[in-house]
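Kindly produce the complete structure, drawing on both the sequences and the hints.
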Amino acid sequence: MGEFIVDPVVAHEVKWTPEDPHTGEIFIRALTPFQAELLHTVLREALLNHIEGVAVTGVRLEGVSNVFDAVPALEGGLAELVLNLKYIRLDGALCRPGIYPFAARGPGRIESGRLVDALGEGVLNRDLNLCTLHPDGELRMELRVERGSGSALTHSEQPMRDGFLPISAIFVPLRLSIDVVPEEGQDSGGRVSLSVRLRTSGSLSAAEVWSSGLTAAKSLLAASRDALDALSVQVAAGS
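Residues 150 to 388 in my numbering are what the sequence shown lists, from first letter to last.
Don't take each hint at face value.
Claimed, not checked - FRET-style restraints, in silico, Cβ to Cβ:
| hint | residue 1 | residue 2 | range |
| --- | --- | --- | --- |
| 1 | 328 | 256 | 43 to 51 Å |
| 2 | 368 | 245 | 41 to 49 Å |
| 3 | 221 | 364 | 43 to 51 Å |
Bear in mind the hints are in silico, worked out from the structure with no lab data behind them.
For clarity, every value in this text was computed on a predicted model and none was experimentally measured.
All residues carry an ideal CB built from backbone N, CA and C; glycine is no exception.
Structure below.
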């Protein structure tokens with residue numbers, strides 16, 4: 150069991166990019182291959198599914214019951230609008246969960262920057278194209294913002310909640326790669342390192358994501374260790 154107990158805080162170094170706080174690389178050194186594979190799995194789970202953020206998870210339009218319904222104001226159709234709403238990036242410190250009304254008139258493109266009046270300064274990517282309105286088109290909708298971690302609380306195949314079309318949002322969008330790298334030198338003893346490279350969408354800095362990820366990873370490791378300890382006791386009792 151000794152090899153299973155890994156503290157990812159030990160023997161790790163970070164390289165943050167001063168000009169880009171949303172990019173970083175972390176090295177965890179002097180691991181056995183078993184420890185490296187274990188941390189690879191745990192860190193990926195922690196970083197992708199256990200960091201909290203906010204996202205648009207639903208949209209409601211009067212008279213609309215599914216994404217294939219016709220909305221006369223829209224040139225590209227409702228499905229295009231729902232898909233584009235998925236990619237709105239929100240700062241959880243500035244945008245609170247709730248239901249936000251929004252209205253716009255045509256003609257022309259409606260970009261996510263127009264949502265600042267409704268959602269506040271927490272809208273990060275303000276040049277995202279949401280939809281195009283006909284010259285006489287008028288769009289009225291309500292957006293539901295929720296807090297969560299990992300993937301969306303709702304999925305497109307689930308029924309509407311309170312009349313909202315669900316949006317498969319990602320609460321903290323993150324580009325992540327984790328590689329196992331053999332350590333060099335005669336004294337390496339077959340040890341390896343983990344190279345963790347991450348880039349956030351802007352809602353959190355790379356340092357904040359890593360700090361939250363470490364906390365989640367330690368909890369996952371502790372839970373796994375407790376489960377294995379309990380299993381060992383059961384096996385011993387039954388033998």
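Quick rundown of the hints versus the structure:
1. 328 with 256: 43 to 51 Å: Since the Cβ atoms of residue 328 and residue 256 sit about 49 Å apart, the hinted range of 43 to 51 Å holds.
2. 368 with 245: 41 to 49 Å: violated, 26 Å
3. 221 with 364: 43 to 51 Å: holds, 49 Å
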